[in-house]
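**Q** Keeping their order, the protein sequence lines are chains A and B. Quick note on the numbering used here: the first sequence kicks off at 144 and runs consecutively. Quick note on the numbering used here: the second sequence kicks off at 144 and runs consecutively.
No copy is singled out in the list; a pair is fine if it fits within one copy or between any two copies.
Cross-link-like lysine-lysine pairs, in silico, DSBU-like; alpha carbons within 35 Å at most:
(1) K337 x K468
(2) K337 x K461
(3) K468 x K401
(4) K461 x K395
(5) K395 x K369
Bear in mind the hints are in silico, worked out from the structure with no lab data behind them. As the structure is a computational prediction, the values presented were derived from the model and not from experiment.
There are 2 protein chains.
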Amino acid sequence: MCIGRFLENAWNIATSDPRKVIHGVKAGIALTLVSVFYYMKPLYDGVGGNSTWAVMTVVMVFEYSVGAIVSKSFNRMIATFLGGSAGVGVHWIANQCGEELEPVILQASVTILAAAAAFSRFIPSVKSRFDYGVMIFILTFSFVSVSGYRVDKLLELAKDRASTIVIGTSICIFTSMFIYPVWAGRELHNLTYKNLERLADSLDGCVTEYFKENEENNGRKHEGYKFVLNSKATEEFMASMARWEPAHGSFKFRHPWKQYLKVGASMRSCAYCVETLGGFINSEVQAPELLKKHMREACMMLSTSSSNVLRELAMTTKTMTRSTKTQFFVQDMQFAVQSFQDVFKHLSKQALLLTEHEAVKENTAQKTKTVPIMAIFPITTMATLLIEITERVKSIVV
Amino acid sequence: MCIGRFLENAWNIATSDPRKVIHGVKAGIALTLVSVFYYMKPLYDGVGGNSTWAVMTVVMVFEYSVGAIVSKSFNRMIATFLGGSAGVGVHWIANQCGEELEPVILQASVTILAAAAAFSRFIPSVKSRFDYGVMIFILTFSFVSVSGYRVDKLLELAKDRASTIVIGTSICIFTSMFIYPVWAGRELHNLTYKNLERLADSLDGCVTEYFKENEENNGRKHEGYKFVLNSKATEEFMASMARWEPAHGSFKFRHPWKQYLKVGASMRSCAYCVETLGGFINSEVQAPELLKKHMREACMMLSTSSSNVLRELAMTTKTMTRSTKTQFFVQDMQFAVQSFQDVFKHLSKQALLLTEHEAVKENTAQKTKTVPIMAIFPITTMATLLIEITERVKSIVV
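So here's chain A without its partners, still in its complex pose (with noise of 0.2 Å):
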């Protein structure tokens, strides 16, 4: 049972993006370009038998993006040299303090430099770039300062670990770049317009739910902006990924990646507006019929609007082409707030006559009539500051 839903899973995840799948085929045929080296009698002796190192490098470095490749194989070939010489250095200055200090030196340089290495890892601008090349670089200095006192031929162990390393690497990088490539840039940039589609459709998702006329179901459409929720840390990863990769497609070596991230902050600020609006929609307080009906064409209006600008934008970032209509978009946009005030002062009037009137009968008219009004308001504001700040943005990117 278990393990049916397993693969179940599994067939789901490859099916939705064969790309998935895509990955593990390169990631093998990295893997056996690699073991050739053992085979191949030649070679095998030019490597030596440190050539598990190969093969430990690909296991290590091949990622899904090109981006977090590249970063790794250089993390890890900037940090094996500088730990492997910094081993070598420790070793050179253990040897000529004499026998009896050599072990004591060795020992406390490891744990000194582990325990900074560590730490260093809780700092962000570590964490984020150099990680990895942080584990590598205590790695071999421990390899090299505690092996150095066994194995003499420390320098030629060097030029083994250096050639197997760039051996590994070099066949991750070619593997990846030339076989289906997935760019974290190209990724980053999907992620931002299908963001900005999945927002505008869950904005109108979420005012179409909330003024339905009778009980259909339209099946959850505007859950999309959840997933605006969450992204956060995978557009965080991919921007600073993105920077490590070579000019491909339409995206030069030096894109400003972090535009996609202020994009994406902006649109994070909208989805809280769309998901405190989608709480309204489940929420027990609803106003009253006859209030919906008035208020209904003008909220539409309203979000489709709003929704339009956002569609726009995903459209001009997607193509990365500069379109006079988001101009107009953001206009038209304007004017339905404009006109949404004047429809709703018209009807606040109408509404507190009608309390004045009928006042036992209806009687929480006045009160709930202002349920729509907060449910629409912060889609105005923020659609408003949403737009300003990724107008912006966009006309740098473009």
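On the provided structure of chain A, position chain B as indicated by the hints.
**A** Showing chain B alone in chain A's frame:
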């Protein structure tokens, strides 16, 4: 300059949370203990040249919390065992098929298993629990099946490898549990009640900020909710690590960690509302001063009663007791909601009269009077919601 800032940054982290420094020291100690195996001749002979693997185990496995270390150790042990067995198995099968087919079978098995392993890391249930294990599995499998082609003493190698891993992980677990242990469970517990307090503070802060009479700046005390918004990943990670931990302090082995995730989700849904509310503080559309004064008391009462409930919940979570006061505070809050509605009902009539009399001068009063209501209503709704949920959660947790 850059290094100076980096060091200052590191110093701030060290002084604000000394446990991170202690973690560094612990990592140093663990690595020192392991490298002792190199220096002590008899032990060296026992474990053999493979004791680099013990060093590697310590570097890879030593994480911040006990739960993470136990989880990684477990993953490493099981995965090494499974990977090794599979490697030996495939090697035996390949051997039976004759010398021609042997490399083909070995190569194919590496490719297929590596592809399957790389793909399986996309499956959420594998990712969250066995990510490290899958990596070690494929690493060990490649080593064994590939190196088996050259080295005949596979079983001896396996025995060595197993003993180094046991030594490495034991040292890690020992060091982490007996020197200033950091329990993921306790961290999660602390994070939860601190987040409840943060939420209460920012709710109070927001409303105070909104109704402040003069322009004093109260130091952006109300930004704590941002921390709540961003702690989803941390909570999930710690909850999944906490399951690996033995009983500690007042936490039993099968402490209901998932309940903390539920409380966390409720807190976040509340924080979304606070974030929306926070938007209104800096909004350009402000209610007229007169109206603000009228609403001030009722709003303050409302937010204070909500934050009292939150603080009480924080208290009961912290001490893991059930308090009779919680119910009292909830009733208090419901009373505040009621009286707020009364004030509002009274006020909206007054405001309309105002509009009618001074139509030109105070033209915007009617429209903008909805701002404070809008700003407050989400809290009442959501706080009530939150309390409903957290109430139930508390009764299970305690």
